[in-house]
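Participant: Now for the letters of each chain:
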Amino acid sequence: AQSVDQPDAHVTLYEGASLELRCSYSYSAAPYLFWYVQYPGQSLQFLLKYITGDAVVKGTKGFEAEFRKSNSSFNLKKSPAHWSDSAKYFCALEGDTGYQNFYFGKGTSLTVIP
Amino acid sequence: AQTIHQWPVAEIKAVGSPLSLGCTIKGKSSPNLYWYWQATGGTLQQLFYSITVGQVESVVQLNLSASRPKDDQFILSTEKLLLSHSGFYLCAWSLEPNSDYTFGSGTRLLVI
Numbered sequence: 001a002q003s004v005d006q007p008d009a010h011v012t013l014y015e016g017a018s019l020e021l022r023c024s025y026s027y028s029a030a031p032y033l034f035w036y037v038q039y040p041g042q043s044l045q046f047l048l049k050y051i052t053g054d055a056v057v058k059g060t061k062g063f064e065a066e067f068r069k070s071n072s073s074f075n076l077k078k079s080p081a082h083w084s085d086s087a088k089y090f091c092a093l094e095g096d097t098g099y100q101n102f103y104f105g106k107g108t109s110l111t112v113i114p
Numbered sequence: 001a002q003t004i005h006q007w008p009v010a011e012i013k014a015v016g017s018p019l020s021l022g023c024t025i026k027g028k029s030s031p032n033l034y035w036y037w038q039a040t041g042g043t044l045q046q047l048f049y050s051i052t053v054g055q056v057e058s059v060v061q062l063n064l065s066a067s068r069p070k071d072d073q074f075i076l077s078t079e080k081l082l083l084s085h086s087g088f089y090l091c092a093w094s095l096e097p098n099s100d101y102t103f104g105s106g107t108r109l110l111v112i
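Chains as they are written, first to last, in this note's numbering: chain A, 1 to 114; chain B, 1 to 112.
The following block holds chain B by itself, in its conformation from the complex (with noise of 0.2 Å):
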């Protein structure tokens, strides 16, 4: 079966510094990867996706940048945050178009 597995569960960190949020799927080769940003109580805002290796596309600028080093890893990072990147990070897996996403569990970040 596969598993959608993200790290770590939760953050406190300083305004400024670094950032670096995992995601691992276990189970599917090549599936299209997401990060997903959801402001608290608020809707959800895809900030990247990768459908391979190597090859990640931002939606939305939000001094934030993703990598996929592996088939199976998504890496979300930042060298300095904000208080503006507190929120809910969610990794989503899909294997085509119009098939639904499978959710990760989620980090919850709090900025200071």
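In isolation and in its complexed conformation, chain A is listed as follows (with noise of 0.2 Å):
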């Protein structure tokens, strides 16, 4: 079975330090890793994916994200935060049950404070 989970559900910190969300996975086979945002009020926006190749990926709004096999792990960063990364954020696996079903974790309520 596959499983995504975040296990900080909300997370506060002061613009221009720097911010880590945790996501770990769990799967059998070779994960394929999204993250996505949603500001307040607001539909899930793509970030970045991890599918094969280099650890850390790039994705946009400054964001990152790197994939660590050794310990399932898949944690988004950036430095500085800025107060308008305020928002939700969202680790995925792509799943094998179903055409591409993607499992969300709960999700990590972000606020940056100015």
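Simulated from the structure, these hints should not be mistaken for lab results.
Just so you know, not all the hints are guaranteed correct.
Below, in silico cross-link-like pairs of lysine-lysine (DSBU-like), each with a Cα-Cα straight-line distance of 35 Å or less [as the list claims (entries may be wrong)]:
1) A:106 - B:13
2) A:88 - A:61
3) A:106 - A:88
4) A:49 - B:28
5) A:106 - B:26
6) B:26 - A:61
7) B:26 - B:80
8) A:88 - B:13
9) A:58 - A:69
10) A:49 - A:106
11) A:106 - B:70
12) A:77 - B:28
13) B:26 - A:49
14) A:49 - A:61
15) A:88 - B:70
16) B:26 - A:88
17) A:106 - B:28
18) A:58 - B:26
19) B:80 - A:88
20) A:77 - B:26
21) A:106 - B:80
22) A:88 - B:28
23) B:28 - A:58
24) A:61 - B:28
25) B:13 - B:26
26) B:70 - A:49
Here chain A is said to cover these stretches of chain B; the calculated rule only asks that three of the stretch's residues, wherever they fall, bring their Cβ under 8 Å from a Cβ of chain A [to be verified]:
27) 32-46
28) 101-109
We put the beta carbon where it would ideally sit given N, CA and C, even for glycine.
Hints given; two lone chains; assemble the complex.
Facilitator: Next up, the structure:
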């Protein structure tokens, strides 16, 4: 069975600090991993994805994520954080049950204090 | 450029009433289409997917149904709404496996 865990429901930090949002996954095969962002009252926007290759993938809005097979993690990072980064972030794993079924984590709500 | 349009933007409906939500994708032919549901403050759960006209696969049973009457159109519906149907419904498309989804702007549904 596949699953995605985002252990931090809420993260708060000050503008200018470095942010790292945690994501771990459980999957028996090579994972395809994604990060999406949801601003308040809005839909989801794609940030980045890992399919294969380099462990660090760069995405939109200055975000990057590091894939670590050793501990099944795919943490999202950005430095420095900006107040406009305040949003809910979802990590997702493309599973193998059903056609291109994304398994989303519960999300991490990020608040960046100006 | 491709666009994805969902309608309506929001609905307040009574328990037991019917519902129809729509999604249209322009600028892409033969997209893979998906319906997702997000409970308030919660995560997203895939409801249906369709890879071609007339074919829809159900992922979870929530007393909802979906249809794809045209290549660019995906409809979510039910004849009798339940309180548990409240939430945020998102339509998404992709072109191929391992590619990212593009989500529509969503429909907020409140069942009272």
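Participant: Please go over all the hints and tell whether each is borne out by the structure.
Facilitator: Hints, verified against the model:
1. Simply put, residue 106 of chain A and residue 13 of chain B have alpha-carbon atoms about 27 Å apart, close enough for the 35 Å limit, and the pair holds.
2. A distance of roughly 14 Å separates the Cα atoms of residue 88 of chain A and residue 61 of chain A; the hinted pair therefore holds under the 35 Å criterion.
3. Distance restraint check for residue 106 of chain A and residue 88 of chain A: the Cα-Cα separation of roughly 10 Å lies within the 35 Å cut-off, and the hinted pair is therefore satisfied.
4. In summary, the hint linking residue 49 of chain A to residue 28 of chain B is supported, as the alpha carbons are separated by about 21 Å, within the 35 Å threshold.
5. For the suggested pair residue 106 of chain A and residue 26 of chain B, the alpha carbons sit about 30 Å apart, so the restraint of at most 35 Å is met.
6. Annotation: proposed proximity of residue 26 of chain B to residue 61 of chain A holds, straight-line Cα distance about 26 Å (limit 35 Å).
7. Between residue 26 of chain B and residue 80 of chain B the CA atoms are separated by roughly 30 Å; this keeps the pair inside 35 Å, and the hint holds.
8. With a C-alpha separation of about 27 Å, the suggested pairing of residue 88 of chain A with residue 13 of chain B holds against the 35 Å cut-off.
9. Restraint check: the Cα-Cα separation between residue 58 of chain A and residue 69 of chain A comes to about 17 Å, which is no more than 35 Å; the hinted pair holds.
10. Straight-line distance between C-alpha atoms of residue 49 of chain A and residue 106 of chain A comes to about 18 Å, which keeps the hinted pair within the 35 Å bound.
11. Of the supplied pair hints, the one linking residue 106 of chain A and residue 70 of chain B holds, its CA atoms being roughly 33 Å apart against a limit of 35 Å.
12. At roughly 32 Å between alpha-carbon atoms, residue 77 of chain A and residue 28 of chain B fall within 35 Å of each other, so this suggested pair holds.
13. Pair hint residue 26 of chain B plus residue 49 of chain A holds up; C-alpha atoms about 24 Å apart against a cutoff of 35 Å.
14. For the hint linking residue 49 of chain A to residue 61 of chain A, the alpha-carbon distance of about 13 Å falls within 35 Å, and the restraint holds.
15. Distance restraint check for residue 88 of chain A and residue 70 of chain B: the Cα-Cα separation of roughly 33 Å lies within the 35 Å cut-off, and the hinted pair is therefore satisfied.
16. For the hint linking residue 26 of chain B to residue 88 of chain A, the alpha-carbon distance of about 28 Å falls within 35 Å, and the restraint holds.
17. Taking the CA atoms of residue 106 of chain A and residue 28 of chain B, the gap is near 30 Å; set against the 35 Å cutoff, the hint holds.
18. With a CA separation close to 28 Å, the supplied pair residue 58 of chain A and residue 26 of chain B stays within the 35 Å bound.
19. With a C-alpha separation of about 32 Å, the suggested pair residue 80 of chain B and residue 88 of chain A falls inside the 35 Å cut-off, and the hint holds.
20. With a CA separation close to 33 Å, the supplied pair residue 77 of chain A and residue 26 of chain B stays within the 35 Å bound.
21. Between residue 106 of chain A and residue 80 of chain B, the direct Cα distance comes to roughly 28 Å. Compliance with the 35 Å bound is thereby established for this hinted pair.
22. About 29 Å separates the Cα atoms of residue 88 of chain A and residue 28 of chain B, which keeps this hinted pair within 35 Å; it holds.
23. Proximity of residue 28 of chain B to residue 58 of chain A is assessed by CA-CA distance (about 26 Å); at most 35 Å being required, the pair is judged to hold.
24. For the given pair, residue 61 of chain A sits about 25 Å from residue 28 of chain B by alpha-carbon distance, which is consistent with the 35 Å threshold.
25. Restraint check for residue 13 of chain B and residue 26 of chain B: the C-alpha separation of about 28 Å stays at or below 35 Å, so the hint holds.
26. Pair hint residue 70 of chain B plus residue 49 of chain A holds up; C-alpha atoms about 30 Å apart against a cutoff of 35 Å.
27. For a cut-off of 8 Å, the count of residues in the segment 32-46 of chain B with a CB near a CB of chain A stands at 7, and the three-residue condition holds.
28. For the segment 101-109 of chain B, the stated coverage by chain A is satisfied: 6 residues place a CB nearer than 8 Å to a CB of that chain, which reaches the threshold of 3.
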